[in-house]
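Can you make the complete structure from the sequences, with help from the hints?
There are 2 protein chains.
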Amino acid sequence: MTWNRREFAKLGALGLAARVVSPLSAQPAQRQSGYAIIGLGRIAAIFMAGIRNTTNSKVTALVSGHRDKALRIAAQYGVPERSIYNYENFDSIASNQSVDAVYVALPNSMHAEYTIRAAKAGKHVLCEKPMATSVADCESMIAACKSAGVKLMIAYRCQYEPTNLKAVSLIRSGAIGQVQAIESAFGFNIARGEWRLVKKMSGGGPLVDVGIYALNASRYLTGEEPENFAAFTSVVDHDGRFTQVEENVSWTTRFPSGIVAACNTTYGGQMTGFFKVHGSKGWIDVDPAFNYDGLRLRALYTGNGITRLDEPNPARNPYQFQAEAEYFSHCIQNGLEPKTPGEEGLRDMRYIAEIYRAAGSSL
Amino acid sequence: MTWNRREFAKLGALGLAARVVSPLSAQPAQRQSGYAIIGLGRIAAIFMAGIRNTTNSKVTALVSGHRDKALRIAAQYGVPERSIYNYENFDSIASNQSVDAVYVALPNSMHAEYTIRAAKAGKHVLCEKPMATSVADCESMIAACKSAGVKLMIAYRCQYEPTNLKAVSLIRSGAIGQVQAIESAFGFNIARGEWRLVKKMSGGGPLVDVGIYALNASRYLTGEEPENFAAFTSVVDHDGRFTQVEENVSWTTRFPSGIVAACNTTYGGQMTGFFKVHGSKGWIDVDPAFNYDGLRLRALYTGNGITRLDEPNPARNPYQFQAEAEYFSHCIQNGLEPKTPGEEGLRDMRYIAEIYRAAGSSL
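Line by line, the protein sequences give chains S and U.
What the first sequence shows, in the working numbering, is residues 3 to 365, in sequence order.
What the second sequence shows, in the working numbering, is residues 3 to 365, in sequence order.
One thing to keep in mind: the hints can contain errors.
When chains are identical, the list treats them as one kind, so a pair holds in a single copy or across two.
With a cut-off of at most 25 angstroms between alpha-carbon atoms, the simulated DMTMM-like pairs for lysine to aspartate or glutamate come out as follows [claimed, not checked]:
1) K341 x E83
2) K283 x D93
3) K283 x D295
4) K148 x E115
5) K283 x E196
6) K341 x D93
7) K283 x E356
8) K283 x D241
9) K283 x D239
Just so you know, the hints here were simulated from the structure itself, not pulled from any lab data.
Remember, it's a predicted structure, so these values are computed and weren't measured experimentally.
This is the structure we're talking about:
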């Protein structure tokens, strides 16, 4: 069985927003929320392409240290030159009425500063994961947004993605019975020289960058908060890349119900993100689970007979970024609290610190 | 790409015995080693069916507490009535010249006693995994076989199975580069009333029974011995099944090189045994990896171009048991030490004890 795009979009909307509104597509957008994009790297480019596919969002400002690059992108997205900011004059964005929100796509260590400055400028904040590089920074970001009365959403794109939502919905429906155990992993073989290898900028190694997907998945799949972690960090390749951050992290989690999750992350190996969920009546296997597209859900469970699912997700990048932007704009336009607020990012940051502590390392 | 049976058989023989002898099939068997089967349960039935497919092994005696059952099976395998033993008169098997070896397929807690009694009767021993229910028992079994001058092999069938051997050989060849991380799991949803749930008979829960496959795989895939374990045990289902043994175990292992392995096992969920190995140049995914048949290896790695493998193993049960019996008989007939001797079972038993200790439980 496979789904067409429309069915997938519908599922996403249902899983995501069913409690607050009828499917988004059925509602003509009241207006378009304007976004200032802070940091013009690879993920920002994908996010902007995603925004272009929405009806309720648009790119209205750019924030970059590279004016040439900003001018080029401004031309593509119809951003006027006066709405291009640099990191010095950023705070003057407060008076730019075309900007409702910012999208923070900077190196991790800069998330806190620009979230707080954006909040002080009266702008809502959609911040990439990991939320920050310390628990204290996460707390400051939440406090700043609260006191400014702006919304803060962490860009956990998988929580707005139909294949992941389908897995959650199968589990909640009881299809695979009582969940017992989960395996999940995500990683890649990192190139020398990436800012991610500089701890001051990244806050940590693959755990904060991509392992966080497995950690977050173990939480949304179970619907529980971890009780305990046990973990190891390691470096296999002594080739100069891993002098500041770890190469591998392997951890296991026990949830209050007794469900366990065994997870890995790496900066040294080819590791397509996946998760497997084992229940008393069946299993769900999503592989790839965390890529930008090409996701695939397989499942087998027994109830009235045996059900087998094999559902490649036909949606193409940047559909996940489109969904995120659509959802956050919807929250802004309707005064709703995002389902992945700053508190969700803070929780993962606390768990990441616990994993490092369990491994005898520090964040 | 798929292989035919002959190619698979060849691979198995090469991976297994290439260092000691040219492919087994090329050598006419000198004679047939005779096996006494101790315990006539499900796995013994499969082993005997496997033996029937060999040219160098045969079933020559049966040991059972159920004479009727033994008589029925004896008729099937041409075992004379005088070669049927019970647990009282078993030691008289010493004088039975048709018996070269025993296959111990009893509940775990009886492995030590019957291995030691068989050794004292001058018979070689092929013992099912887990080797025993304690480290001390494993040590006694090894000592008894040594002092009797008989061979002791633990029935780690996956170490004699072509798909698993292919994964090992791909890794050793460097095809996927430097291995970083492994995920593996194996479990099932156990029926009420099984002897496996009685700790005195089993020695432990799913870890000793099926988790041992993931543990053993992490060792033969890396070719390293674990340095550390971190683990949790848990019970999710408070339905009376798990009063003596755990329902789930989740553990992580760090190997000396820094390779990590995250593993799960369960008695409460549907969990097809699998492993994924992530290397710097690619990955290997064997799923199913530990079943009696239907195994499938997929891999992707880059070297001179990109290589993609998708190799379902066409061999059918009881091919793994056939390979085990063939190999052990070959060792007996040629005075060779099995590659999974008692020491291999002892190592896993020590690691299992460490995992339980790390989880705050005891074996």
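Evaluation of the provided hints:
1. K341 x E83: neither (34 angstroms within a copy, 72 angstroms between copies)
2. K283 x D93: neither (55 angstroms within a copy, 45 angstroms between copies)
3. K283 x D295: For K283 and D295, only the inter-copy Cα distance (22 angstroms) is at most 25 angstroms; the intra-copy one is 29 angstroms.
4. K148 x E115: Within one copy only: 15 angstroms inside a chain, 69 angstroms across chains, cut-off 25 angstroms.
5. K283 x E196: between (44 angstroms within a copy, 19 angstroms between copies)
6. K341 x D93: Close neither inside one copy (28 angstroms) nor across copies (69 angstroms); limit 25 angstroms.
7. K283 x E356: neither (32 angstroms within a copy, 31 angstroms between copies)
8. K283 x D241: between (46 angstroms within a copy, 15 angstroms between copies)
9. K283 x D239: Classified as between: cross-chain Cα gap 13 angstroms, same-chain 41 angstroms, threshold 25 angstroms.
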